[in-house]
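Colleague: Order-wise, the sequence lines are chains A and B.
Under my numbering, the first residue of the first sequence carries the number 93, and numbering increases by one thereafter.
Under my numbering, the first residue of the second sequence carries the number 10, and numbering increases by one thereafter.
One should not assume that every hint holds.
[To be verified] Chain A regions said to be covered by chain B (calculated; three or more residues, Cβ under 8 Å):
| no. | region |
| --- | --- |
| 1 | 124-136 |
| 2 | 171-177 |
| 3 | 238-249 |
[Stated by the list, open to error] Here are the simulated DSBU-like pairs of lysine-lysine, each with C-alpha atoms no more than 30 Å apart in a straight line:
| no. | chain 1 | residue 1 | chain 2 | residue 2 |
| --- | --- | --- | --- | --- |
| 4 | A | K248 | B | K469 |
| 5 | A | K177 | B | K469 |
| 6 | A | K118 | B | K469 |
| 7 | B | K157 | A | K118 |
Just so you know, these hints were derived from the structure itself, not from any lab.
Note that this is a predicted model, so its numbers are computed, not measured.
Cβ coordinates follow ideal geometry from the N, Cα and C atoms, glycine included.
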Amino acid sequence: MMRGMLGVFQELDSTVEAIEELKKEKIGDLTVYTPTPRHELEHAVHPPRSKVRLFTLIGGLAGVMFGYWIAIWASEYWPLVVGGKAISTWVPYTIFGFEVMVMVGALSTVFGMFYLQGIPRLTMTVGYDERFSNGSYGVWCECAPEKLALAEAILKRHGAVEVRGES
Amino acid sequence: MATLAHPAGGDTPRRPNFASADIQLPAVRDYEQVNEEITAVLRPTKAWFLGLFVAIGALGLGVGSWAYQIHQGLGVAGYSPPVMWGVYIISFVFWVGIGHAGTLISAILYLFRAGFRTTIYRAAEAMTVFAVMTAGLFPIIHIGRPWKFFWLIPYPNWRLIWPNFKSPLVWDVFAITTYLTISATFLFVGLIPDIAVLRDREKNPLRKQILALLSFGWRNSEREWRHFARAYLFLAAFSTPLVLSVHSVVSFDFAMAVVPGWHTTIFAPYFVAGAIFSGFAMVWTIVIPMRKWFGVKHYVTLNHLDASAKMVLFTSLVVGCAYLVEFFIAWYGGVAYEQEYFWNRVFGQWWWAAWIMLTCNMILPLSLFSQKLRRNPTWLFILSLFINLGMWFERFVIVVPSLSHDVNPWQWSGYTVTWVDMGILIGSFGWFFMWFLLFVKQLPIIAITEIKEIIPPKLKHAPAAHATGGH
Chain A
93 MMRGMLGVFQ ELDSTVEAIE ELKKEKIGDL TVYTPTPRHE LEHAVHPPRS KVRLFTLIGG
153 LAGVMFGYWI AIWASEYWPL VVGGKAISTW VPYTIFGFEV MVMVGALSTV FGMFYLQGIP
213 RLTMTVGYDE RFSNGSYGVW CECAPEKLAL AEAILKRHGA VEVRGES
Chain B
10 MATLAHPAGG DTPRRPNFAS ADIQLPAVRD YEQVNEEITA VLRPTKAWFL GLFVAIGALG
70 LGVGSWAYQI HQGLGVAGYS PPVMWGVYII SFVFWVGIGH AGTLISAILY LFRAGFRTTI
130 YRAAEAMTVF AVMTAGLFPI IHIGRPWKFF WLIPYPNWRL IWPNFKSPLV WDVFAITTYL
190 TISATFLFVG LIPDIAVLRD REKNPLRKQI LALLSFGWRN SEREWRHFAR AYLFLAAFST
250 PLVLSVHSVV SFDFAMAVVP GWHTTIFAPY FVAGAIFSGF AMVWTIVIPM RKWFGVKHYV
310 TLNHLDASAK MVLFTSLVVG CAYLVEFFIA WYGGVAYEQE YFWNRVFGQW WWAAWIMLTC
370 NMILPLSLFS QKLRRNPTWL FILSLFINLG MWFERFVIVV PSLSHDVNPW QWSGYTVTWV
430 DMGILIGSFG WFFMWFLLFV KQLPIIAITE IKEIIPPKLK HAPAAHATGG H
């Protein structure tokens, strides 16, 4: 069964116009492809804000706590008096807190990015064309079978160089 | 993510403003051209094979020298009490410094929207990862029994012994490990969309499969780009203080010791400025031949080199100021040991090393006040070699004269570099360039998707003023 309609565009403004009309007609879910990030497309799609920041915050807090904890715990467990300083000295241990915060925070940011993007993706699934990493823009409209014709008409009207249905 | 301070338009500025860095690529027309030209760089040439052969030969010399040292013991390395830090620690600091420009260019210049970074940041990031990989070898070589290096890592063990967390050497382990991890992550994350470009152009099924795995199935969807942009911003925000912290921590290896010439509060900013200075010089050493041999002069333009030359000039002035402040503090502080040490450094036993340092790092970079020289790639390349030399000698001047001329005159001594030291030093350059040369022929050395951000997109209607430039 046909799942949706894919339009391949050469021009940025044509793509934006097609997205706007497809959204206005409420035909189905849209996936927009672009060789490079463009604000024009972001404005047309009007997506929610990325939640990557939550992963950054949680990872950073976990990292800073672990960094201080490992230094303090190990010092108390294996007490070495150096230079007459206290066993647990928070000033130099800030280095561990900071470094581990950066490491865990950055890695959890990347994990969050992958999770929210839905990658790694083992198959390319439907609705993708290799031209999207070259110079073309794409709009994949996943919709009910009775709306496929309308989606095709909109994509063609706005100058898609190729429109094809995929199942 | 490419950085462009404000929308492009009009002619290419001949004198780009460093802060806004509104730098254009007038010879690049469209996205297809970017894909074609940058992926064309990946085809191996005879010169590349020759370079790789030389690098592997140098690495072989280093491996042989190290094997000899392991067999014979550290005595073959030129150490003579009290100079028990030598070429290995000098080279460690040198390579960590080289590794600083990459993250500076990727992260700090990204946050400051300095557009000239766009065409050079991938080379600088790769350079950073390979330089830190090189630096990490030296403490392991220096300890003499490399199989014991894991004792520095805090982990539960049967010996029930933990590292001394108040030691700068353990701070180093954490700082360098974090820096290597984050630099490599930053490099790889930025590469994912470009690997997808290679994947979609690849005809060989096996290579296509490998590239599909490496690209994690990236499809260039708006959703992917949105989270990518946000994550990239946070990685840059994390990396910015990290750049400053790493060489500060390396400087603490010296500054925490009560040794003349070392025990000073100026060391952290002095080391960071020196690291950025030397890192940019190595970027020139790599990028200037690359732009000629790979035919990418219209990507890495004279405007980019001009802007980076201003950065080098600025950091040279900071480093030069730090040199002079060191002398001033020794004189003004009135501590006899410090005064004696600094006199010996410049006019005594180590005068030749100190003057190489001062000439290469302070005097020659002043030529960059001339715009004509800033826009002369041949001069910039020659200057970069002098700066690399000068910055290695800066670390020599910090390490050896202090240890050989400390507070006890009865133990003042000299230091002689042996062939084992030199073999391992040459081997480190071989190791570094081997990885770099392998990288440039496997993955794009110029960021394809970021270049596309600064190329005007194709439009059906007449281009509006806002339609050029991605950011």
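Colleague: Each of the hints needs a verdict: does it hold here or not?
Modeller: Okay, the hints, checked on the actual structure:
1. 124-136: Holds: 11 residues of the region 124-136 of chain A have a Cβ under 8 Å from chain B.
2. 171-177: Our answer is that it holds, as 4 residues pass the Cβ test (under 8 Å) against chain B, meeting three.
3. 238-249: That given contact is violated, which follows from only 0 residues of the region 238-249 of chain A lying within Cβ reach (below 8 Å) of chain B.
4. A:K248 x B:K469: Holds: A:K248 and B:K469 sit about 14 Å apart, inside 30 Å.
5. A:K177 x B:K469: 71 Å, violated
6. A:K118 x B:K469: Judged against 30 Å, a Cα distance of about 25 Å means the pair holds.
7. B:K157 x A:K118: At roughly 65 Å apart (the allowed maximum being 30 Å), A:K118 and B:K157 break the hint.
Going down the numbered hints, you'll see the structure goes against 3, 5, 7, while the others check out.
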